[in-house]
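J.: Spelled out from the first residue to the last, the chains are:
2 protein chains.
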Amino acid sequence: MEQQQEVITNKKVILKDYVVGFPKESDMILKTSETMTLKLPAGSNGLLVKNLYLSCDPYMRSRMTKTEGSYVESFTPGSPLTGYGVAKVLESGHANFKKGDLIWGFTGWEEYSIINAPEGLFKIEHTDVPLSYYTGILGMPGMTAYVGFYEICTPKKGEYVFVSAASGAVGQLVGQFAKLSGCYVVGSAGTKEKVDLLKNKFGFDEAFNYKEEQDLDAALKRYFPEGIDIYFENVGGRMLDAVLLNMRLDGRISVCGMISQYNLEQSEGVRNLFTLVTKRVTMKGFIVFDHYHKYPKYLEMIIPLIKNGTINYIEDIVEGLENAPAALIGLYSGKNVGKQVVVVAHE
Amino acid sequence: MEQQQEVITNKKVILKDYVVGFPKESDMILKTSETMTLKLPAGSNGLLVKNLYLSCDPYMRSRMTKTEGSYVESFTPGSPLTGYGVAKVLESGHANFKKGDLIWGFTGWEEYSIINAPEGLFKIEHTDVPLSYYTGILGMPGMTAYVGFYEICTPKKGEYVFVSAASGAVGQLVGQFAKLSGCYVVGSAGTKEKVDLLKNKFGFDEAFNYKEEQDLDAALKRYFPEGIDIYFENVGGRMLDAVLLNMRLDGRISVCGMISQYNLEQSEGVRNLFTLVTKRVTMKGFIVFDHYHKYPKYLEMIIPLIKNGTINYIEDIVEGLENAPAALIGLYSGKNVGKQVVVVAHE
Numbered sequence: 001m002e003q004q005q006e007v008i009t010n011k012k013v014i015l016k017d018y019v020v021g022f023p024k025e026s027d028m029i030l031k032t033s034e035t036m037t038l039k040l041p042a043g044s045n046g047l048l049v050k051n052l053y054l055s056c057d058p059y060m061r062s063r064m065t066k067t068e069g070s071y072v073e074s075f076t077p078g079s080p081l082t083g084y085g086v087a088k089v090l091e092s093g094h095a096n097f098k099k100g101d102l103i104w105g106f107t108g109w110e111e112y113s114i115i116n117a118p119e120g121l122f123k124i125e126h127t128d129v130p131l132s133y134y135t136g137i138l139g140m141p142g143m144t145a146y147v148g149f150y151e152i153c154t155p156k157k158g159e160y161v162f163v164s165a166a167s168g169a170v171g172q173l174v175g176q177f178a179k180l181s182g183c184y185v186v187g188s189a190g191t192k193e194k195v196d197l198l199k200n201k202f203g204f205d206e207a208f209n210y211k212e213e214q215d216l217d218a219a220l221k222r223y224f225p226e227g228i229d230i231y232f233e234n235v236g237g238r239m240l241d242a243v244l245l246n247m248r249l250d251g252r253i254s255v256c257g258m259i260s261q262y263n264l265e266q267s268e269g270v271r272n273l274f275t276l277v278t279k280r281v282t283m284k285g286f287i288v289f290d291h292y293h294k295y296p297k298y299l300e301m302i303i304p305l306i307k308n309g310t311i312n313y314i315e316d317i318v319e320g321l322e323n324a325p326a327a328l329i330g331l332y333s334g335k336n337v338g339k340q341v342v343v344v345a346h347e
Numbered sequence: 001m002e003q004q005q006e007v008i009t010n011k012k013v014i015l016k017d018y019v020v021g022f023p024k025e026s027d028m029i030l031k032t033s034e035t036m037t038l039k040l041p042a043g044s045n046g047l048l049v050k051n052l053y054l055s056c057d058p059y060m061r062s063r064m065t066k067t068e069g070s071y072v073e074s075f076t077p078g079s080p081l082t083g084y085g086v087a088k089v090l091e092s093g094h095a096n097f098k099k100g101d102l103i104w105g106f107t108g109w110e111e112y113s114i115i116n117a118p119e120g121l122f123k124i125e126h127t128d129v130p131l132s133y134y135t136g137i138l139g140m141p142g143m144t145a146y147v148g149f150y151e152i153c154t155p156k157k158g159e160y161v162f163v164s165a166a167s168g169a170v171g172q173l174v175g176q177f178a179k180l181s182g183c184y185v186v187g188s189a190g191t192k193e194k195v196d197l198l199k200n201k202f203g204f205d206e207a208f209n210y211k212e213e214q215d216l217d218a219a220l221k222r223y224f225p226e227g228i229d230i231y232f233e234n235v236g237g238r239m240l241d242a243v244l245l246n247m248r249l250d251g252r253i254s255v256c257g258m259i260s261q262y263n264l265e266q267s268e269g270v271r272n273l274f275t276l277v278t279k280r281v282t283m284k285g286f287i288v289f290d291h292y293h294k295y296p297k298y299l300e301m302i303i304p305l306i307k308n309g310t311i312n313y314i315e316d317i318v319e320g321l322e323n324a325p326a327a328l329i330g331l332y333s334g335k336n337v338g339k340q341v342v343v344v345a346h347e
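Residue numbers (the UniProt record's numbering), protein chains in the order written: chain A, 1 to 347; chain B, 1 to 347.
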């Protein structure tokens with residue numbers, strides 16, 4: 001029985017060219033394809049999906065630059081951006097997926113995508129939580145906070161924890177995990193609104209606006225008179241340098257990201273690394289990709305905590321693919337409050 | 001029966017004042033005490049020792065500056081320097097030691113010292129090896145190489161190892177331990193003579209003179225086309241920055257020291273730390289003090305390797321306390337070839 005195939009146009013966000021320095025909205029353009037039949041090519045083992053939510057993540061900046069041998073591929077100028085998203089399967093050529101499935105994973109910044117290697121996708125089993133959460137707390141950023149905090153930082157009750165970019169997609173979770181672990185936790189963020197969220201919504205013990213501190217070392221000494229056991233590093237540069245001066249003996253720094261450095265042509269120099277010796281500090285970089293096999297274990301922990309209200313998660317949701325470029329770029333000036341999500345379609 | 005007490009004068013190396021920038025011989029002065037009776041004060045629980053060998057170690061630079069809450073105490077201007085050395089016990093007020101014992105540990109830069117807290121000293125049991133070795137391969141630098149390489153770097157057969165300051169007291173051992181572990185090892189040093197030693201005496205696979213390399217990144221790419229698994233960090237600064245660009249996945253950097261930075265008023269900035277993320281690198285500082293309980297285990301390993309000639313150890317020995325200031329300062333311009341030792345007395 002032949003199925004009637006839908007004829008559509010496909011709106012896309014295209015990277016115009018590789019970016020130097022701070023990215024601008026005009027580095028991307030919105031294009032709409034010719035009309036086309038919504039159909040998986042014959043013989044494809046992939047999926048045809050309808051994109052619902054797209055995730056704006058800081059690491060995407062590095063993909064706007066031509067790099068070789070990086071841990072993630074550069075975008076292709078003239079083609080749509082790609083990134084994490086939530087999508088619905090319209091047609092499947094792969095045994096693991098069927099029409100109607102909801103998935104999260106790598107997809108395109110467009111209305112409809114063909115995903116040629118669906119093995120890397122996660123099928124969404126729990127749908128009694130907001131679907132957009134699979135770009136955040138239930139997706140890559142959630143796993144990042146989980147692995148980075150519990151495994152890389154190995155927290156102990158009573159330890160002093162500092163989180164930078166603390167209201168972001170990852171930071172807000174790290175702070176809450178730190179409280180669940182019986183730690184004292186302080187976060188930094190870039191606006192009063194975010195600082196208030198940290199203290200009032202996420203339960204950080206203290207929080208400060210790093211933009212209002214002339215001397216980050218002095219600010220950290222104020223909030224951590226005993227020093228810092230664990231630093232969850234999201235920003236790099238000056239903040240890292242100040243943190244190094246305040247680490248305690250046997251401290252741990254999990255290096256998740258360095259957003260303050262991504263748009264600089266040359267990174268800021270970090271001068272206080274000798275503290276690694278004097279304080280016997282371990283600094284460890286990690287990438288969540290290596291840890292996705294632990295996702296079922298994470299879900300088991302996090303789903304009940306979401307449902308019973310122990311963990312809060314704040315999203316900054318914009319509607320429409322046309323607003324995606326501004327949303328992405330907003331990350332680098334801290335415009336987003338919480339996890340930045342773009343809605344392409346609600347269903 | 002009363003013993004006749006010897007009357008002596010005590011020659012000492014005194015720090016004149018705290019040092020800024022590169023230390024000079026004239027920052028220290030040689031002084032000889034008034035004549036005095038060689039005797040432990042009545043009721044002392046300490047030791048009266050005759051110093052035989054003094055150790056010149058890079059970390060001593062930080063003690064020439066007034067710092068608070070550092071991992072080692074600053075020297076006291078007007079008083080003799082202190083540091084590791086080998087000494088003979090002349091009189092003991094402590095149950096663990098007796099007259100005639102040989103010890104290594106913290107003592108003064110002078111002919112005779114009173115050691116008030118001898119609990120931190122090590123009694124020398126093996127005397128069929130050069131006694132001066134207890135300032136080097138059988139002392140603090142040996143333990144540093146052992147702990148830093150085997151425990152912090154966790155080497156596996158076939159891995160690529162880079163050692164900076166490779167002909168120094170610690171580096172020459174790290175290179176040989178790496179070969180014993182089945183690794184490929186390259187060292188850097190600052191003269192042709194040292195480079196030759198690395199290749200011909202210590203069995204490094206390759207070695208280069210960092211002073212002859214305009215571009216350290218390019219040099220490392222030449223010696224490590226596959227990248228570096230393990231970096232034993234002794235120098236910091238530019239070299240660390242170049243190494244970071246060449247680390248392999250899951251690489252390890254043990255931070256032992258950063259001698260290139262000790263005389264700078266402000267450390268050089270390290271710009272390539274984001275590689276910790278992309279390559280999932282662990283960078284870990286350590287201090288040998290924390291690991292001295294493993295010394296018996298180390299001796300068990302190293303003594304046979306010395307005796308059967310598997311491990312070589314090069315010392316740069318100067319005679320006479322009057323030459324100690326120049327010897328110490330020579331470390332910071334790389335004048336020493338191998339472990340720098342000062343002979344105060346042969347027996």
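Fair warning: there could be bad hints in the mix.
No distinction is drawn between identical chains; accordingly, a pair holds when it is met within one copy or between any pair of copies.
[Unchecked claim] Here are the computed lysine-lysine pairs in the DSBU-like style, where the Cα-Cα straight-line distance is at most 30 Å:
hint: 1; residue 1: Lys11; residue 2: Lys297
hint: 2; residue 1: Lys279; residue 2: Lys123
hint: 3; residue 1: Lys157; residue 2: Lys294
hint: 4; residue 1: Lys307; residue 2: Lys98
hint: 5; residue 1: Lys279; residue 2: Lys156
hint: 6; residue 1: Lys279; residue 2: Lys297
hint: 7; residue 1: Lys335; residue 2: Lys98
hint: 8; residue 1: Lys156; residue 2: Lys294
hint: 9; residue 1: Lys221; residue 2: Lys66
hint: 10; residue 1: Lys31; residue 2: Lys88
hint: 11; residue 1: Lys279; residue 2: Lys16
hint: 12; residue 1: Lys156; residue 2: Lys123
hint: 13; residue 1: Lys307; residue 2: Lys211
hint: 14; residue 1: Lys157; residue 2: Lys123
hint: 15; residue 1: Lys24; residue 2: Lys279
hint: 16; residue 1: Lys335; residue 2: Lys192
hint: 17; residue 1: Lys156; residue 2: Lys16
hint: 18; residue 1: Lys221; residue 2: Lys16
hint: 19; residue 1: Lys50; residue 2: Lys279
hint: 20; residue 1: Lys66; residue 2: Lys279
hint: 21; residue 1: Lys211; residue 2: Lys335
No lab work stands behind these hints, which were simulated from the structure alone.
J.: Each hint: holds or not?
T.: Taking the hints in turn, this is what the structure says about them:
With identical chains, the CA atoms of Lys11 and Lys297 are never at most 30 Å apart, being 37 Å at best within one copy and 68 Å at best between copies. For the identical chains of this complex, Lys279 and Lys123 are inter-copy neighbours only, at 28 Å across copies versus 44 Å inside a copy, given an alpha-carbon limit of 30 Å. Both within a single protomer and between protomers do Lys157 and Lys294 lie at most 30 Å apart by alpha-carbon distance, with minima of 23 Å and 29 Å respectively. Taking the closest pair of Cα atoms, Lys307 and Lys98 come within 30 Å of each other only inside a single copy of the chain (28 Å); across copies the shortest separation is 70 Å, beyond that limit.
For a Cα distance limit of 30 Å, the shortest separation of Lys279 from Lys156 qualifies both inside one copy, at 18 Å, and across copies, at 27 Å. Proximity of Lys279 to Lys297 under the C-alpha cut-off of 30 Å is restricted to the inter-copy arrangement: shortest distance 25 Å between copies versus 33 Å within a copy. Taking the shortest Cα distances, Lys335 and Lys98 never come within 30 Å of each other, neither inside one copy (38 Å) nor across copies (72 Å). In this homomeric assembly, Lys156 and Lys294 come within 30 Å of each other (Cα to Cα) both inside a single copy, at 21 Å, and across copies, at 26 Å.
Taking the shortest alpha-carbon separations for Lys221 and Lys66, only the inter-copy value of 21 Å comes in at or below 30 Å, while the best intra-copy value is 40 Å. Taking the shortest alpha-carbon separations for Lys31 and Lys88, only the intra-copy value of 22 Å comes in at or below 30 Å, while the best inter-copy value is 84 Å. In this homomeric assembly, Lys279 and Lys16 come within 30 Å of each other (Cα to Cα) only across copies, at 29 Å, whereas the closest approach inside a single copy is 47 Å. Taking the closest pair of Cα atoms, Lys156 and Lys123 never come within 30 Å of each other, the shortest separation being 34 Å inside a single copy and 38 Å across copies.
Taking the shortest alpha-carbon separations for Lys307 and Lys211, neither the intra-copy value of 35 Å nor the inter-copy value of 62 Å comes in at or below 30 Å. In this homomeric assembly, Lys157 and Lys123 never come within 30 Å of each other (Cα to Cα): the closest approach is 35 Å inside a single copy and 40 Å across copies. Within a single copy, Lys24 and Lys279 get their C-alpha atoms only as close as 41 Å, which misses the 30 Å cut-off; across copies the closest is 28 Å, which meets it. Taking identical chains as interchangeable, the C-alpha atoms of Lys335 and Lys192 lie at most 30 Å apart only when both belong to the same chain, with a minimum of 12 Å there against 56 Å between chains.
Proximity of Lys156 and Lys16 under a CA criterion of 30 Å is satisfied in neither setting, with 47 Å inside one chain copy and 45 Å between copies. With identical chains, the CA atoms of Lys221 and Lys16 are never at most 30 Å apart, being 45 Å at best within one copy and 33 Å at best between copies. With identical chains, the CA atoms of Lys50 and Lys279 are never at most 30 Å apart, being 51 Å at best within one copy and 34 Å at best between copies. In this assembly of identical chains, Lys66 and Lys279 lie within 30 Å of each other by CA distance solely across copies; the values are 18 Å between and 38 Å within a copy.
For the homomeric pair Lys211 and Lys335, the shortest alpha-carbon distance inside one copy (14 Å) is at most 30 Å, but the shortest distance between copies (47 Å) is not.
Hints 1, 7, 12, 13, 14, 17, 18 and 19 from the list above are not met by this structure, while the remaining hints are.
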